[in-house]
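Based on the sequences and whatever the hints tell you, model everything.
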Amino acid sequence: MHEFFAESATVGVVISFLAYYVGTLINKRFKLAILNPMLIAIILVIVFLLVFDIDYDTYNSSARYLSYLMTPATVSLAIPMYQKLELLKKEPAAIFFGILSGVLTSLVSILLLSILFGLSHEQYVTLLPKSITTAIGMGVSEEMGGMPVITTASIIITGIFGNIAADTLWKLFHISDPIAKGISIGTAAHAFGTAKALEIGETEGAMSSLSIVVSGLCTVVLANIFAGLY
Amino acid sequence: MKYIKQFTIILSVTCVGEIFKYLIDLPVPGSIYGLILMLLMLMTGAVKLEDVKEAADFLVEIMPLMFIPAAAGLLDSYSMLREMLLPLMIIIPLTTCLVMFVSGKVTELVLKISRSGEEKDA
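Quick note, the sequences are listed as chains P and V, same order.
First residue of the first sequence: -17, per this note's numbering; consecutive thereafter.
First residue of the second sequence: 25, per this note's numbering; consecutive thereafter.
Calculated from the structure, these hints are not laboratory results.
These numbers were taken from a predicted model, which means no experiment stands behind them.
Here a beta-carbon is modelled for each residue, glycine too, at the ideal position from N, C-alpha and C.
Only true hints are included.
If the Cβ cut is set under 10 Å, some of the chain V residues that face chain P in the computed set are:
| no. | residue |
| --- | --- |
| 1 | 35 |
| 2 | 63 |
| 3 | 65 |
| 4 | 94 |
| 5 | 104 |
| 6 | 122 |
| 7 | 132 |
| 8 | 134 |
| 9 | 135 |
| 10 | 139 |
Computed list of chain V residues with no C-beta within reach of chain P, every gap over 10 Å:
| no. | residue |
| --- | --- |
| 11 | 29 |
| 12 | 46 |
| 13 | 70 |
Structure representation (structure tokens):
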């Protein structure tokens, strides 16, 4: 079985698709935020690998073909953005300040909590880019002397958390405007959050897509300043 | 033919984004350059919406699936995460909630100001 797993070009992809499909079925049946299809899929894949004692690398030797699609899919986010271009042009101040305030909140709160927990400088800069998209975050972490593997893990955990908690948090904080919903989830939880935003509505999806780009670029600039603070 | 044309355009723009990444020494991935380039091309009319729409919709719809292999990789980085696990389990949810609260509220506040300005104008 291990040999088949290592040689097959589809098995990892099939397992990922099946796990996600099962996740959507469970989510439809129970309608609970915590039974999020993405979370169920990730847990199912991990459990499958542990039960059948399959190395992550063996699974990933075919599953990585799915990851390859990430780059053209991110480029394709330009399409939902373009379809809401009028809205982007109409409210540039709200969008810009919304995203910038989120980026600053992220950096300041990580700084304060790192001091509180007595983290090392290396651990602090590892966490600084945790709210932005993986490919940018890894680069920022590496450049500042952080640990890119832990940065990637933190970014993924942030994304999963944001994706699951978004509905509850919007209700709790009384955030109801579609623009504000999209900006908040895109700035807090990058592409994982954007996947959620696209499910809810076109405006939310477009705003969240834009937030990935703007918050990512703002963090590239600001993280360097914050890295010198602790 | 439709899909051949659409995927050709999307993948070409992606590839140009990767060339940008190769040439520019910044921690910005090719996908971000590609996204900006695609948006500019749509805005200028160099690419028409109907020339990319279905293929782009397809890629965007299956995007959540693309996160699964990377997320399952948490299994492998767990040993490295262990020493930081407690602070991570507090810092990540807390900061994520704070960012959503501040960015959502600031957006709504500025929207309210700009919309009330519009009403006065009208």
